[in-house]
Amino acid sequence: MSSDALTIQTAKAVDRPWLETVHEWVITVDHKRLGILYILFALLFLVIGGLEATIMRIQLMRPHLNFVSPQVFNRMFTMHGTTMIFFVAMPILFGFANYFVPIMVGARDMAFPRLNAFSFWLTAFGGFLLYFSFLGGFGLYGAGNAPDVGWWAYAPLTARAFSPGHSSDYWTISLLVSGLGSIGTAINIIATILCLRCPGMKLSRMPLFAWMNMVMSGMVLIAITPLSAAQIMLLVDRYLGGHFFDTQAGGSATIWMHFFWIFGHPEVYILIIPCFAFVSEIVPVFSRKPIFGYPVMVGATVCIAFVSMSVWAHHMFTIGMNSYGNSFFALTTMVVGVPTGIKIFNWLGTMWGGKIIFKTPMLFCIAFLFQFLIAGLTGVMLGVAPFNWQLSGSYFVVAHFHYVIVGGILFAVFAAFYYWYPKITGRMLNESLGKLHFWLFLIGFHLTFDIMHIPGILGMPRRIYTYEPGRGWDIWNLLCTIGTFLQGIAVLIFVANLIISYFKGPKAGNDPWDAWTLEWLVSSPPPDYNFATIPTVASRRPLWDRKHPEDPDNLYE
Amino acid sequence: MMSAIANPISQPPVPWTLPYRGKVAMACLIIAESAIFTIFVVAYLFYLGKSLAGPTPREVLETPIFFTICLLSSSLTIHFAAKSLHGGKRGAFLALWFATIVLGGLFLFGTGHEWHRLIYQHGLTISTNLFGTTYYSLVGLHAFHVTVGLLMLAIVLLFALAGRVGAEHSARVEVLSMYWHFVDAVWVVVFTVVYVLGR
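Here the protein sequences line up with chains A and B, keeping their order. Here numbering that gives the first Met the number 0 is used: position 526 in the first sequence is 525, and no number is missing along the way. Here numbering that gives the first Met the number 0 is used: position 124 in the second sequence is 123, and no number is missing along the way.
In short, the hints are calculated from the structure, not lab data. Treat each hint with caution, since some may be false.
Claimed, not checked - Short derived list, chain B residues pointing at chain A, Cβ under 7 Å: (1) T16; (2) V23; (3) S50.
Unchecked claim - Not everything, but these chain A residues come out facing chain B in the computed CB check (under 7 Å): (4) A160; (5) P198; (6) L239; (7) G240.
Just so we're clear, the structure is a prediction, and the values are computed from it rather than from any experiment. Where a beta carbon is used, it is the ideal one built from N, C-alpha and C, also for glycine.
Pulled out of the complex, with its shape left as it was, chain A reads as follows (with noise of 0.2 Å):
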């Protein structure tokens, strides 16, 4: 059997009721479909997102500025880091991993369809839930209305004293539905890598994607369970009168925090080692290498996993640990350096001598890795506990995470967005305009984010709603939002891209870039069975074992 006879062309009846296609949507359990949904969902509010990003860059741009009340720009900044966090990131990074995992490891869908399509509703329901404290938030007393607490929500603000009404309460809510939906697609994931990969597919054969979707999908299990746990307790404190946070009645504020970051920081890694698993997909494609020091790039995912459970507490310095605390947690800080430096010299090592191909998904990835690498950096010297005490809550900690998460994440998403799109829709994505979206964004969020370090290291406070002039801040303050719009027109540019490609692209076919991994082999979109025949395969690279039957990579594995 040759590989066309695997390639089935689709073709579907159009005329149908559009009831009927929302119908459809709305009850399916096809991996590939709510793969779209999770992504769709998270476009939606990646758009809501950063419009609150907006709403507060226009009110830093001039000092004194009224553009909104303080009460408003508490609600924004806690929204908009809520929403980026659990309902851009996190959906987008499933979404991909709910497409790709059971094609890459040759699959016909995920292990449990139905708790699949169960976990992205009880996600979209967390996020609509939060949206709806804009209007639900009042409650009995007339109170408050979105969540004004900051994204990690410090006791005893969240106490009923402080924060009366129901707004702390949608924010508790709608991130302990949506954790469980992230622990559902966890143990989904992790269920269908371990028990329906293709015969051959050893764990030693999987493309990178599957393993370092693997390893966050179980740091989701550890890191995400304890922010269920604390969000359990907090109600306990708001509905029942408990104590837990309660320091009135001995309860204590800094468990919270521990409780919070524990979950916290393992976060950041659940949401970026699935961008370590894009840009190792991508670099080798576009780089014509395969991938460099496979199993040092599997054990460094492990490593990382391991070492960023025991470093929560450098999100704390300033809270008065014993020197013993500060040393531990200073020195698992540096540790991580290790296995993520190991990354960035693998991809540079795949890069190196290969014919480099300079589409718009490599120049994403390529941004990536350095930007990635200055985030590194600066997260290096936050993670020396003198330094932080200089610097804790201040914008500089803001341009650090802002770097990692827009630097490294969001580019890595992009990148992802522009390989994959082809074979989601079919169609390629305009190179001109993907072009003009990468500079442009690259040059937002240069100006916004390099810059944003400057006023940090002059003194200027996070989350302050306005700042008096003259303190050297005005000028950088500015640039910042200059370079906020520019990103916004950026990402409008990809919208844009993504609505008329799909209609106008120009046919992608089954393997548009020449890469390796299975799903490549079927049509693009694939069929819903994705696999008329279960392949098998020999190597880490079926595709480019079919394409070269005359040297096929098993031989050197």
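Since the structure of chain A is already known, use the hints to place chain B on it.
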């Protein structure tokens, strides 16, 4: 040899066995649940002796030895129930499965009885002091898991009474049995922390 490599699809099917997805998923769920319980146990230990007012654990807690034996022995009965189902002995399965539910139910009754005593005799509620908050939430979280487990066991019992559970379902029953073992193991930790170390 070369032709086999050149056309990997035409190779004869190699023996290819993978783990059962139910077991893997349950193992993952147990890992996730362990993390939740760990946080509650840490909170309990952290707040030991930090209550500003009484009652304290030493004054009011009584070690529930009988009910603990009930719960722990239900692990044995469910193990042998699953084993009998695997061996096709449906009668033994039904009896042992029913015994598991009775033992679990007894344990839940014990928890309820203790809570009733604490509330009505000692006036300890979840909002009385830190001990009340941490005690009821930790033990309550465990009791919630016992309740969920009992509901699932009861569903299997209903199907079994209707004659719809056979040896072909033993893999699924094993998955439920894993969960029940986990609930018991958590009780060992909770028992040690609350009734042994915490007094």
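Going through the hints against the structure:
no., hint, result
1, T16, "10 Å, violated"
2, V23, "5 Å, holds"
3, S50, "6 Å, holds"
4, A160, "15 Å, violated"
5, P198, "4 Å, holds"
6, L239, "5 Å, holds"
7, G240, "3 Å, holds"
Comparing the model with each numbered hint stated earlier shows that hints 1 and 4 do not hold.
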